[in-house]
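*Asks:* So the sequences go chain by chain: V and D.
Note that our numbering has the first sequence beginning at 35, numbered continuously upward.
Note that our numbering has the second sequence beginning at 6, numbered continuously upward.
Source of the hints: derived by calculation from the structure; they are not laboratory data.
The beta carbon of each residue, even a glycine, is placed where N, CA and C say it ideally should be.
Some hints could be false.
[As the list claims (entries may be wrong)] Under the rule of at most 20 angstroms between Cα atoms (straight-line distance), these lysine to aspartate or glutamate pairs were calculated in the EDC-like manner:
no., chain 1, residue 1, chain 2, residue 2
1, D, K344, V, D263
2, D, K344, V, E253
3, D, K135, D, E156
[Unchecked claim] From chain V, some residues computed to sit far from chain D (all C-beta separations above 10 angstroms):
no., residue
4, L168
5, G354
6, I358
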Amino acid sequence: MTDTAQQATPAPAAPPLPKRKLPIPLQHAGSRYAVIGVWAALIVVYWVTEPSLFMTVPSFQTIFGSQQPLVFMTAALLCTIIVGEFVDLSVPAVYGFAATILPVLVVNHGWPVWAAAIAAVLCAVAIGCVNGFLVVKVGVNTVVVTLGVWTLLDGIAQLISSDNTISGLPSSFSKIALTQVGGLPISFYYGVALMAGFAYVLWFTPLGRHMRFVGASREVSRLSGVRVDRIRFGSFVVAGLLAGAGAVIATAAVGSYNTASTDPNLLPVFAAVFLGTAIIEPGRFNPIGTFIGLYFLETGIFGLQLHGLQNWVTDVFYGGVLVIAVTISTLLHRRTS
Amino acid sequence: MSAFVTVSQDDAVHRLKVANLSKSFGVARVLGGVELTIAPRELHGLVGQNGCGKSTLVKILTGVYTPDPGGSVTVDGQPLALPVHPLAARAAGLSVVHQNLGLVDDHSIWENVRLARYSAGRFSRRINVKEEKRQVALALARLGLEYDLDEKVGALAAEDRAAVAIARAIQDHQDGGGLIIFDESTRALSRRGRARFFGLVRQVIDGGASVLMISHQLEEVVEATDRVTVLRDGEVVEGGITTSETDAAALTRLMLGRHVITHGRIGSHARDSLAVSVNGLAARSVSGFDLDLKKGEIVGFTGLAGSGAVAAAEAIGGAREARGGSMTVGGTTLRLTSKRGSTEDFIRAGVAFVAERRLEQGLAAGLSVSHNLTLPRVRSRGSVLRIGRSWQAAETAAMIKKLDVRPPDPDALVGNLSGGNQQKVLLGKWLAGKPSVLVLHEPTQAVDVGARHDIIEAIREAAHEGAGVIISSVDAGDLAVLCDRVLVFRGGRVTAELTGDLSPDDIIHATFEAAGPQRSAAELTRKGVDR
Numbered sequence: 035m036t037d038t039a040q041q042a043t044p045a046p047a048a049p050p051l052p053k054r055k056l057p058i059p060l061q062h063a064g065s066r067y068a069v070i071g072v073w074a075a076l077i078v079v080y081w082v083t084e085p086s087l088f089m090t091v092p093s094f095q096t097i098f099g100s101q102q103p104l105v106f107m108t109a110a111l112l113c114t115i116i117v118g119e120f121v122d123l124s125v126p127a128v129y130g131f132a133a134t135i136l137p138v139l140v141v142n143h144g145w146p147v148w149a150a151a152i153a154a155v156l157c158a159v160a161i162g163c164v165n166g167f168l169v170v171k172v173g174v175n176t177v178v179v180t181l182g183v184w185t186l187l188d189g190i191a192q193l194i195s196s197d198n199t200i201s202g203l204p205s206s207f208s209k210i211a212l213t214q215v216g217g218l219p220i221s222f223y224y225g226v227a228l229m230a231g232f233a234y235v236l237w238f239t240p241l242g243r244h245m246r247f248v249g250a251s252r253e254v255s256r257l258s259g260v261r262v263d264r265i266r267f268g269s270f271v272v273a274g275l276l277a278g279a280g281a282v283i284a285t286a287a288v289g290s291y292n293t294a295s296t297d298p299n300l301l302p303v304f305a306a307v308f309l310g311t312a313i314i315e316p317g318r319f320n321p322i323g324t325f326i327g328l329y330f331l332e333t334g335i336f337g338l339q340l341h342g343l344q345n346w347v348t349d350v351f352y353g354g355v356l357v358i359a360v361t362i363s364t365l366l367h368r369r370t371s
Numbered sequence: 006m007s008a009f010v011t012v013s014q015d016d017a018v019h020r021l022k023v024a025n026l027s028k029s030f031g032v033a034r035v036l037g038g039v040e041l042t043i044a045p046r047e048l049h050g051l052v053g054q055n056g057c058g059k060s061t062l063v064k065i066l067t068g069v070y071t072p073d074p075g076g077s078v079t080v081d082g083q084p085l086a087l088p089v090h091p092l093a094a095r096a097a098g099l100s101v102v103h104q105n106l107g108l109v110d111d112h113s114i115w116e117n118v119r120l121a122r123y124s125a126g127r128f129s130r131r132i133n134v135k136e137e138k139r140q141v142a143l144a145l146a147r148l149g150l151e152y153d154l155d156e157k158v159g160a161l162a163a164e165d166r167a168a169v170a171i172a173r174a175i176q177d178h179q180d181g182g183g184l185i186i187f188d189e190s191t192r193a194l195s196r197r198g199r200a201r202f203f204g205l206v207r208q209v210i211d212g213g214a215s216v217l218m219i220s221h222q223l224e225e226v227v228e229a230t231d232r233v234t235v236l237r238d239g240e241v242v243e244g245g246i247t248t249s250e251t252d253a254a255a256l257t258r259l260m261l262g263r264h265v266i267t268h269g270r271i272g273s274h275a276r277d278s279l280a281v282s283v284n285g286l287a288a289r290s291v292s293g294f295d296l297d298l299k300k301g302e303i304v305g306f307t308g309l310a311g312s313g314a315v316a317a318a319e320a321i322g323g324a325r326e327a328r329g330g331s332m333t334v335g336g337t338t339l340r341l342t343s344k345r346g347s348t349e350d351f352i353r354a355g356v357a358f359v360a361e362r363r364l365e366q367g368l369a370a371g372l373s374v375s376h377n378l379t380l381p382r383v384r385s386r387g388s389v390l391r392i393g394r395s396w397q398a399a400e401t402a403a404m405i406k407k408l409d410v411r412p413p414d415p416d417a418l419v420g421n422l423s424g425g426n427q428q429k430v431l432l433g434k435w436l437a438g439k440p441s442v443l444v445l446h447e448p449t450q451a452v453d454v455g456a457r458h459d460i461i462e463a464i465r466e467a468a469h470e471g472a473g474v475i476i477s478s479v480d481a482g483d484l485a486v487l488c489d490r491v492l493v494f495r496g497g498r499v500t501a502e503l504t505g506d507l508s509p510d511d512i513i514h515a516t517f518e519a520a521g522p523q524r525s526a527a528e529l530t531r532k533g534v535d536r
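Looking at chain V on its own, in the form it has when it is part of the complex:
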């Protein structure tokens, strides 16, 4: 606010609009909240059709209390997708791997639970480093690397868990996830804090601005003094960290893990991240939109299940929303470029 303003002619320039807080293009004001409107409509429909079951406190506790693993995984995917790595397919596998070794170390090998938790997170970070090294330093295609890492980790997780559910984590450890705050488990608030923090970083810090530009154009960023490769590598590492931390919290809540529950996470994660591009900042991957998208999806599925529809509903709903969300996001993007 010092030299530049004075150096230009003394007449005050057009008021620089400090009121608007969020850097959001104006022209999509309508589409920005469309999904939130659909969400509200969905709630009204379920309310009317299943009044006794849907509009109850336990229902909302189920919807809001159950999504912590997906919140962490979508945040991990956002890290890399925002800096322009098209899709990191390994996120659910890294999560599943960390969630497997935690009970395996504690139950089968007698480690103290905290040491095992730290080891699980460090493993996830190390896998992020490997992804980052191969993609950023060596230049291997992201999809190929992460597809391979995904399958590899699934295999190792099956091996060390002997394909069984490993249970028996000390119940005291579950406090880190299940402590009730205002009727919801504390893990819900971890998710809120994570996404809010992520959004803050993107909107208000130099790091976040650099991430956005690296995602938009590596060459522009490089010539503007941004250390492009460091940011890309760091994104993979943080993605590993978030997937690992999410896994520890989720496993603490349940007390056990089965590797079979790893892969079904892939589609909801992608569906929520892409659906997020239609919310708040249209055409852009963004944490708040992803967070809302995630609960939108869960509300939809929960309501359909209340109506007695079975498991196939989940696949149809997630798959359908992913395709529709990507289509909408592509169209929004075309409008701006």
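With the hints as your guide, set chain D onto chain V.
*Replies:* Coordinates of chain D only, in the frame set by chain V:
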């Protein structure tokens, strides 16, 4: 020309006649009423600056774009339906050899020549290889060539690749008919390769076809073509001048247009102290380049493609890793050889590099004016936890005002601005950092006269405030009005230094004399990569 049948109407004497052809994108009119006629067996040149509409014209002729209503394209007297259908164009004998030749390297010669023309057995749907190869051998024979048709195209020398592309272009021509459009096809060729290329082109013409040659190499156009048409800002400035009556310098003047000289020269702002001193710079063809640039001084780097002018400017700007050399800016010594993972250290030392390709190197189209403009300083002016809004708003508002960016909206997406306004935002992005060394690459390329005026004024103001300015440009008009001195590069060395009262003509002459007809083969081969 004996194969030619009766000439019943005027149009029939022309192989190609383009009349009143226009093309608009939204409100922007990129081609306005273009007229072009090419006679049978004529080698016709088409020249013009980047963005003058050359490629738009080619894209209309090949059916990529739909022209505005009202124009017509006639081949041998037969009107082509618009938009041009690719198969109709092929049937009429129109073919194009693109810049990169359009060859698939790991496929054989015959597969490349017959691409998209394969005939298949009626029931088996197998490609009839024998017949295909016969056709290819026939096309090559028309050029007097014989190749092993199974050889992979990637293994061929550049001039042989060009020959394969030409064979592909002429295979559908009727005897004594056809028109090939060469769109910058000679870029990858060495001097010897070019001689052979033009030999083949002559052969094509002797076979009765016509050629439309689009090229940036003016001396090549002057040497080879029969007539030449000059495009500027989407309009024909001169249609079909007889080439023997002109020269490269005259064509350059036509391409640039007199209207570019809208500024008078003003006195130098140069002071006694140095802004930057460059020692022993070596990059690409350049070696052992030294420069002492005073504060407030404006120096132009110019030369033909591959001369090293661009490489030197990019190395000084920090955009390109050099082989050797160092430079001192305000007490900081920078090694030009350090790995260019980011230009952070250059920016911190006070160097700003305004890149040529604004949407690939300069600005992110999908992000806002304000974000783009402040990007280089978000770390230095903000804290780790917060960029801070007030300085961003002030900086953006100041630059929007100074450069008259329209619309004056800090939150507008850069991609929605016109080219001239994008260029202003790009310049503002670097001026706002008050650089002590400002390196600009083609700062007024493809912007309109008004934007050019604002940009030139802003560059002068930066010099007046004490920045040392380097302008790398082929635009003699820009260099003449802005520069205190101009360094003309050739083959990696400075062959002329122009000072005093500069005129565009002097700069053009120095550029072309330095390059002249005796350019080395090595220099020509570098061109494709060096820009």
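*Asks:* Classify the label on L168/V as holds or violated, using whether its beta-carbon is more than 10 angstroms from each beta-carbon of chain D.
*Replies:* 18 angstroms, holds
*Asks:* K344/D and D263/V: Cα distance at most 20 angstroms?
*Replies:* 12 angstroms, holds
*Asks:* Any Cβ of chain D at or closer than 10 angstroms to G354/V, or is the non-interface label fine?
*Replies:* Per Cβ check, G354/V is outside 10 angstroms of chain D; nearest 27 angstroms; holds.
*Asks:* Evaluate the condition: distance from the CB of I358/V to the nearest CB of chain D exceeds 10 angstroms.
*Replies:* At roughly 22 angstroms from the nearest Cβ of chain D, I358/V sits farther out than 10 angstroms, so the non-interface label holds.
*Asks:* Are K344/D and E253/V close enough, with their CA atoms no more than 20 angstroms apart?
*Replies:* Holds. K344/D to E253/V sits at ~14 angstroms (cutoff 20 angstroms).
*Asks:* For the pair supplied as a hint, K135/D and E156/D, is the alpha-carbon distance within the 20 angstroms limit?
*Replies:* 15 angstroms, holds
Checked against the numbered hints given earlier, the structure satisfies every one of them.
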